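Visitor: Residue numbers (our numbering), protein chains in the order written: chain A, 1127 to 1678; chain B, -14 to 259.
Worth double-checking, as some hints may not be accurate.
What the hints assert, rightly or not - Just a sample of chain B residues kept apart from chain A, beta carbon distances all over 12 angstroms, derived:
1. Val39
2. Ala41
3. His62
4. Val66
5. Pro77
6. Asn136
7. Leu152
8. Asp202
9. Trp230
10. Asp231
11. Ser257
Claimed, not checked - Label pairs and their calculated CB-CB ranges:
12. B:Leu211 to A:Lys1351: 42 to 52 angstroms
13. B:Gly141 to A:Ser1644: 44 to 54 angstroms
14. A:Lys1351 to B:Asn199: 29 to 39 angstroms
15. A:Lys1499 to B:Glu78: 45 to 55 angstroms
16. B:Lys33 to A:Leu1511: 41 to 51 angstroms
17. A:Asn1354 to B:Ile155: 28 to 38 angstroms
The hints are simulated quantities; they were obtained by calculation from the structure and are not laboratory data. It should be emphasised that the depicted structure is a prediction, and the values quoted were computed from it without experimental measurement. Beta carbons: idealized from backbone N, C-alpha and C, even for Gly.
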Amino acid sequence: MLKEYSILIGGKAGDGIRQTGDNIGDLLNELGYYIFVYKDYPSVIRGGHNFSIIRGAFEKILAHEDEIDILVALDQNTVTQHKKRLKKDALIIFDSNTVKAEGIGFDLTEMAKKLNLPPIARNMGIFGILSAVIGVDFSLVEKIIRNSLHKKTEENISIAREAYELAKVYEKKYEIPRSNNLPKQLMTGNEALALGAVKGGLEMYVAYPMTPTTTILNYLAKNHKKFNLQVIHAENEIGVIGIAEGAAYAGKRAMVGTSGGGFALMVEHLSLAGQAEIPIVIILGQRPGPATGLPTYTGQSELLFALYAGHGEFPRILVAPGDTEEAIELTRDAQNLAWQFQIPVIILADKHLCENTFSTEPDKILIDIKEAKLWNKEGDYKRYLLTDDGISPLAFPGQPDAVVKLNSYEHEENGITTELAELTIKNVEKRMKKASAIETELKKHLTVKVYGNPDSEIVLLTWGSTKGSVVEVAARLDCRVVQLLYLNPLPVWELLEKFKGAKKIISIECNATGQLCSLIAAAGFKIDAKVLKYDGRPFTVKELEDKIKKLL
Amino acid sequence: MEVVKNKLMATDLNTTCPNTWCPGCGNFGIEIAVKKAFSELINEEKVKKENLVVVADIGCHGKIADYLNVNSFYSLHGRSVAPATGIKLARPELSVIVMAGDGGAYGEGIEHLIFAAKRNINITVIIHDNRVYGLTAGQVSPTSPQNFKGNSTPDGSLDQPINPLELMLISGATFIARAFSGDAESLRETIKKAIMHKGFSFVEVLQPCFTFFNTYDYYRKNIYSLENNFDLTDKLIAQKKIQEWDYSDTTVSKIPLGIFYQTERPTFDELSQV
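Let the hints inform the model, and build the full structure from the sequences given.
Guide: And the structure:
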């Protein structure tokens, strides 16, 4: 059984819950824990109920549990909502001004007022209390606050210290063990996606704010000088992808990020990328739809949309990272694949991956920027030269002697419009040939991962961030996990291998219609059961374990 | 002996693509003016041929992309301005010229036009405004006069036309001009000035559609050239002159042609370089 702790912190929007949750994660990280932070918040700026669950373990974890060891409450509602999660012997830490409970409480509201701080500062006070109670030295608390809060740093340290000193009487009431594990870098999936793109040579990021991918835009905008890239917040999603495709035509690596609704607006331009052979990477961070849906919650219901979107028939690659390291690597590779084949590459992420925090080792993934097929400068340049593998050599405007004509119409080799049947057939077949070339290339990549017991007859099939709970459940129940990293082209060659010996294949995903399941079944594989969740929340480990047990 | 460099002729910018515009189409005048403007700018060493990029919209006008032997991005309908912005941001040394129609620019993709002006991105937008949807065979467009009887509004269109120059003025464009496709000489001059202007240049070209909305006579009767006698940087003067014609065809008014407004302010592309 995994040795682990789960701490839930809750309050209203505006109480600094997200910040404090991250700080608690930093604390456990310093104590040698692998961290996963689940963040739950509604679509409001003030009020409502926000909470984070910080789970720490001495092995890598990518999911959270329902039950908690410590409940940290800044308002009464937090206790009301989450007391059912409390394990036996769990502890409640609270602001005694706003919460009536049994546990360790101090009047943080008064403390903030006394120190002339705004009410949000209660969050650092409660962080101080928690730190004392779990037996941590204050110097670590101070270090964490200094590293994470650059405004009003001293003030925040002061309330943390005051609360810490008061709580020292409860020192080691709930002391937790530490390990020799070195602290890791803690990052969200969005940061990982951004870093991965940079490692793949990204030169321009264009986006329109939309949950859950907004912080990719914010992070790259803040760090654009460090990463040497242009970051553009455009007028709307159609402008976003239009600008990115113009940049790609001009020879710059460009990427866009959005969610389902924004992707919907980009779909005509996706078709343009297919016809005009424009390299473009699109991050689709899923959240539950349809329409506005649940903007701040998670889901996996855009797989088939991403697969079939765009009028006409053209090749694309679909990839789905399940954790931060996969996000870095796959986004890096996406840049190279888009330019190698001059196609759209769609990265399917979701709020669970994008916004939660994971222990990550980003330096394991190296920078890798592969040069695309370039024109050899002989003869007249033809943007859409027919070749054996369907890939035409690239030249860019500004090159002397090259006239580069991109076209959204069906076209001749030199890019001039055509409506002739014979040329149409040649172009359709050129696009189809690219699909074969893509498959050949992907056979050199890791497209499917196996976890757990590779000989188990029970296969848990999954994709994206759902992988986190699935892998833990497989460890508990001694099953085999098959996780798809690449969804299109579907790595049938891998699945034939990885499904060998399976007596029961159970597909697990966060949508109502079993989209991965239908994709796999269409390829001829038999799926025996589906475990689906569609309430905007991810599977917790116990929840999934109970569901799988019933099927065994 | 003087060494004469090989002069580029306008005809050197021809492609082998056969022309499919209707006889009498206003687009021929624009094509001639553009080819002359390009070749002259190249010979004057103000732009390099390889640095020219034409971004075309979809419509009869858009075929010009097939007729020009220069780099081109023949985009989706209404979606020429955003890719042009991306091209300029990626490679600021390129001379980017959008060639769009009134349907794509003022209807389908109006938000991109407004934002390009708002950004003062250093590109040129030339609108082939025939005030009708030609390629789809005769429907009302955003600049058609009220009561326009087309296939989609056989009883007469209900709303008023938009004044695109006024829209561009309040959106932040720093070069605003109107020209007439039947007047190739001054059109060529205006295009050259627009391309050389540092900032967002907007040239609205009145281009009669011989087949679906023949306005040659109406224009010939009412156009006049603006004189060089006012402060081009004055927005209020510009607005007054822009408001002289409201894009109707019933009010008796004069249609001024020429440059209404020209000023300089930092461009988005220069401000956003890393």
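Visitor: For Ala41 of chain B, which was marked as not at the interface, is the minimum beta-carbon distance to chain A over 12 angstroms?
Guide: violated (9 angstroms)
Visitor: Does Asp231 of chain B really sit off the interface, with its C-beta more than 12 angstroms from all C-beta atoms of chain A?
Guide: Fine: 27 angstroms to the nearest Cβ keeps Asp231 of chain B off the interface.
Visitor: May I ask you to check that His62 of chain B keeps its beta-carbon over 12 angstroms from the closest beta-carbon of chain A?
Guide: violated (9 angstroms)
Visitor: So does Lys33 of chain B sit 41 to 51 angstroms from Leu1511 of chain A, Cβ to Cβ?
Guide: At roughly 24 angstroms between Cβ atoms, Leu1511 of chain A and Lys33 of chain B fall outside 41 to 51 angstroms, so the hint is violated.
Visitor: Should the label of Val66 of chain B as a non-interface residue stand, given a Cβ cut-off of 12 angstroms to chain A?
Guide: violated (8 angstroms)
Visitor: Does the claim that Leu152 of chain B lies outside the interface with chain A hold up, using a Cβ gap greater than 12 angstroms?
Guide: The claim holds: Leu152 of chain B sits with its nearest Cβ about 15 angstroms from chain A, beyond 12 angstroms.
Visitor: Do the beta carbons of Lys1499 of chain A and Glu78 of chain B sit within 45 to 55 angstroms of each other?
Guide: violated (24 angstroms)
Visitor: Can we confirm that no CB of chain A comes within 12 angstroms of the CB of Ser257 of chain B?
Guide: violated (6 angstroms)
Visitor: When you take the CB atoms of Gly141 of chain B and Ser1644 of chain A, is the distance between them in 44 to 54 angstroms?
Guide: holds (51 angstroms)
Visitor: Holds or violated: is the Cβ of Asp202 of chain B farther than 12 angstroms from all Cβ atoms of chain A?
Guide: holds (33 angstroms)
Visitor: Checking a non-interface call: every C-beta of chain A should be farther than 12 angstroms from the C-beta of Asn136 of chain B. Is that right?
Guide: holds (23 angstroms)
Visitor: Can we confirm that no CB of chain A comes within 12 angstroms of the CB of Val39 of chain B?
Guide: violated (9 angstroms)
Violated hints, in rising order: 1, 2, 3, 4, 5, 11, 14, 15 and 16; the structure is consistent with all others.
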